[in-house]
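Use the sequences and the hints to build the structure in full.
One line per chain: the protein sequences are A and B, in this order.
The opening residue of the first sequence carries number 1 in full-length UniProt numbering; numbering runs sequentially from there.
The opening residue of the second sequence carries number 1 in full-length UniProt numbering; numbering runs sequentially from there.
Honestly, the hints are just simulated from the structure, not real lab data.
Keep in mind that the hints are not guaranteed to be accurate.
No copy labels: a pair is met if it fits in one copy or bridges any two.
Here are the simulated BS3-like pairs of lysine-lysine, each with C-alpha atoms no more than 25 Å apart in a straight line [to be verified]:
no. : residue 1 : residue 2
1   : Lys-209   : Lys-108
2   : Lys-108   : Lys-206
3   : Lys-167   : Lys-90
4   : Lys-206   : Lys-90
5   : Lys-357   : Lys-78
Protein chains: 2
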Amino acid sequence: MKLIIVGGDGFCGWPTSLHLSNLGHEVIIVDDFSRRRIDKELNVQSLTPIFELSERIEAWFELTGNVIRYVEMDISTKFDDLLNLLEEEKPDSIVHFGEQRAAPYSMKCTSTKNYTISNNICGTHNILNAIVESQRDIHLVHLGTMGVYGYGHEEPIPIPEGYLDVKIDTIDGREITDSIVYPANPGSIYHMTKTMDSQMFQYYAKNDKLRITDLHQGIVWGTQTELSSQDERLINRFDYDGDYGTVLNRFLMQATVGFPLTVHGTGGQTRAFIHISDTCKCIEQALIHPPTSGDRPLILNQMAETQTLSDLAKLVQSLTNCEISYLPNPRSEAERNDLNVRNDLLRSFGWEPTLIKDSLLQEITEITRHYSDRADHSKIPCVSYWTKNNEPADVSHRAENNEVAETIS
Amino acid sequence: MKLIIVGGDGFCGWPTSLHLSNLGHEVIIVDDFSRRRIDKELNVQSLTPIFELSERIEAWFELTGNVIRYVEMDISTKFDDLLNLLEEEKPDSIVHFGEQRAAPYSMKCTSTKNYTISNNICGTHNILNAIVESQRDIHLVHLGTMGVYGYGHEEPIPIPEGYLDVKIDTIDGREITDSIVYPANPGSIYHMTKTMDSQMFQYYAKNDKLRITDLHQGIVWGTQTELSSQDERLINRFDYDGDYGTVLNRFLMQATVGFPLTVHGTGGQTRAFIHISDTCKCIEQALIHPPTSGDRPLILNQMAETQTLSDLAKLVQSLTNCEISYLPNPRSEAERNDLNVRNDLLRSFGWEPTLIKDSLLQEITEITRHYSDRADHSKIPCVSYWTKNNEPADVSHRAENNEVAETIS
Ligand SMILES: NC(=O)c1ccc[n+]([C@@H]2O[C@H](COP(=O)([O-])OP(=O)(O)OC[C@H]3O[C@@H](n4cnc5c(N)ncnc54)[C@H](O)[C@@H]3O)[C@@H](O)[C@H]2O)c1
Ligand SMILES: NC(=O)c1ccc[n+]([C@@H]2O[C@H](COP(=O)([O-])OP(=O)(O)OC[C@H]3O[C@@H](n4cnc5c(N)ncnc54)[C@H](O)[C@@H]3O)[C@@H](O)[C@H]2O)c1
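What follows is the structure, encoded as structure tokens:
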């Protein structure tokens with residue numbers, strides 16, 4: 001297959017590009033390097049020393065003889081360039097990782113809110129618009145997030161593969177039912193853009209019969225895959241800062257540098273996880289199992305396991321002897337939630353997940369301990385707030401809690 | 001009240017600004033004049049000779065002594081200016097008409113699709129973001145459309161005021177129910193932006209406790225209100241072109257210049273309508289009945305009556321002796337649909353709608369006949385297509401019909 005990987009220089013995109021190139025597919029990466037720019041803006045860097053994309057690609061060619069090409073392009077602002085690329089390259093599929101993906105960053109200030117909206121919405125829309133205009137039957141595989149389901153439902157109803165059967169009414173004794181998109185409950189501007197992406201997918205599948213797969217992914221953990229560990233120049237990024245670091249990777253980092261792990265509330269919050277090497281394998285599966293027809297997008301829940309935050313903290317503690325500090329929870333969320341995620345379809349494609357309990361120690365020895373001298377301890381705490389502080393007294397119905405934007409999803 | 005009216009130079013915004021100014025409110029119009037620019041781009045003009053906003057405002061001051069101020073600003077790109085305006089003016093409420101509102105225009109070509117997305121989504125988001133940042137408890141009244149509900153449900157379930165009670169599951173014999181946002185089924189890029197706006201409203205109401213009223217408006221017909229007919233310089237716009245003209249106004253125009261009215265299919269399609277003077281009154285009601293707390297937006301169905309297209313055509317025929325031509329329907333839509341719209345809450349505020357049957361003749365004599373010499377007949381047919389023509393043969397599952405984008409919603 002000929003594939004365009006948008007965001008192929010990022011945390012998920014780079015190992016996926018290697019994985020797909022290794023399988024013999026022709027890979028063209030499109031990236032605007034905004035992620036590297038934001039690292040500079042936040043004055044942080046990946047714990048692992050990542051190389052420039054051109055160097056990564058050269059190393060890959062040296063090692064394997066496989067060619068990965070790349071184009072520097074901001075897909076959210078360069079529609080004509082994107083369309084030209086599709087018309088010239090005629091890809092079979094596009095894998096779309098190219099969005100601003102940190103919830104805390106999306107809540108940081110007015111300009112990061114606006115950037116997240118315009119980058120993610122206009123970028124995704126440009127891809128859809130360009131596919132239609134190219135008049136080619138290109139399959140789009142998009143990375144969404146499990147976070148769009150929200151974690152707030154009081155009832156332990158299972159989270160389906162995107163669509164929910166509901167009963168709407170009874171007319172003349174007949175039950176009126178419908179299969180609806182699972183009602184979204186986004187918890188940040190970032191998550192909201194994913195629910196808006198999903199509305200665009202519904203529309204373009206229905207109106208233009210585009211074939212779209214939306215992967216609602218859990219929290220990705222780990223750093224390296226078999227392929228990326230072959231050469232230091234191929235090393236993947238590891239984010240541990242308060243904006244881009246995600247919960248498990250941050251726990252490992254805190255344990256390594258001697259910070260107590262911070263668990264808000266009881267730690268009974270349950271989240272879905274997947275290892276980075278499984279991200280690559282799931283995307284491979286998504287590419288070979290496109291929806292057979294447009295009409296509505298195929299939605300898969302791309303996760304391997306669910307864990308509570310306190311269980312994760314205890315697991316890290318058992319491996320590192322670190323301390324855990326339980327802090328009051330500033331979020332108004334359930335103390336404890338179940339997360340019963342259905343992903344029968346993705347699993348039916350046949351893929352064996354890497355589990356946290358089996359691979360966490362390796363992550364600690366090979367990554368967090370190995371590179372701990374590169375860590376900037378001052379970047380570990382969270383600094384983004386979920387709602388505005390200093391609310392004026394008269395806005396009495398507004399949220400009371402100034403919630404720290406910890407990246408747990 | 002001090003009010004900012006975004007899009008106050010437009011078809012609905014101008015008479016609403018007069019209405020609210022006349023009630024004694026302080027009105028500041030914000031408009032980027034994109035609507036006037038698009039008229040030039042499409043080489044069309046309002047049937048009625050509209051004056052520049054500065055002249056309109058001057059005439060209003062001469063007539064009434066009421067001051068309406070205005071600021072030229074593109075709210076979708078000038079966030080900082082918008083925020084400054086809120087901080088300086090400290091409005092009580094914002095009425096938001098400022099979007100690209102023609103479905104056919106939104107489907108015309110890649111650039112009008114992209115423009116509709118970025119103008120409407122970034123504009124609406126900038127308002128929400130600026131309200132939060134201003135730390136003021138500003139009530140936002142937004143104009144949405146009845147079209148977001150879609151007209152496709154096979155079952156005659158009533159359209160509620162935004163939210164639908166559904167049964168999701170039965171757990172241990174208990175019914176699990178939820179009140180969800182009515183599942184959207186947008187029929188164009190324009191309508192899709194309104195469903196995406198609605199997701200942003202849900203989020204900002206929940207997260208930041210913003211008070212938001214979303215008015216799901218029917219198709220607006222008519223031209224003048226009592227206030228706008230006081231002086232020719234106050235005259236409102238009348239669009240009849242294939243992109244911006246809406247169905248009833250276009251029927252009147254066709255009848256006046258001797259075009260047969262075109263009804264696609266049986267004409268059994270039912271739509272919701274409201275007269276322009278009722279738009280003004282409903283917005284007045286929305287402003288004095290804000291939701292009492294944030295949490296979720298108040299959604300009102302702003303419409304006065306429903307009509308089938310064939311009944312409307314026959315009514316116009318009875319007044320003008322025009323011909324009606326029934327053409328095959330290129331849309332894959334139901335031949336006939338019921339539209340049972342609930343708007344008890346808006347009606348409970350007490351407002352007497354103007355009905356089509358009572359006021360249509362006046363519209364014909366005072367507007368379409370009066371200004372018929374200004375009509376450019378070549379602009380009456382529709383030229384925007386709903387899906388791409390010349391689909392390549394291999395995209396066999398894509399839509400077969402190249403559907404003409406008639407503005408019926
Ligand atoms: N990392 C996770 O835990 C996780 C979990 C669920 C879903 N996801 C989703 O997977 C995708 C990839 O995530 P990631 O962790 O690799 O993020 P990342 O930030 O490391 O990578 C995103 C890449 O996209 C590029 N990009 C962003 N905007 C672009 C634009 N307009 N044009 C071109 N390139 C652009 C960035 O430069 C970066 O290289 C995201 O959409 C994210 O929402 C990630
Ligand atoms: N006319 C109808 O039948 C109808 C029906 C339902 C809903 N609505 C909604 O009501 C609203 C007003 O409709 P209308 O018929 O008056 O449309 P219109 O195009 O006549 O008016 C919109 C006004 O907003 C301005 N505008 C657009 N983008 C802007 C931006 N980024 N910054 C500042 N100003 C901007 C335009 O210049 C124009 O003056 C729209 O949101 C529309 O979707 C209209």
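Hint compliance check: list the failing hint numbers for this structure, sorted ascending. As far as the earlier hints go, 3 and 5 are violated by this structure, in ascending order.
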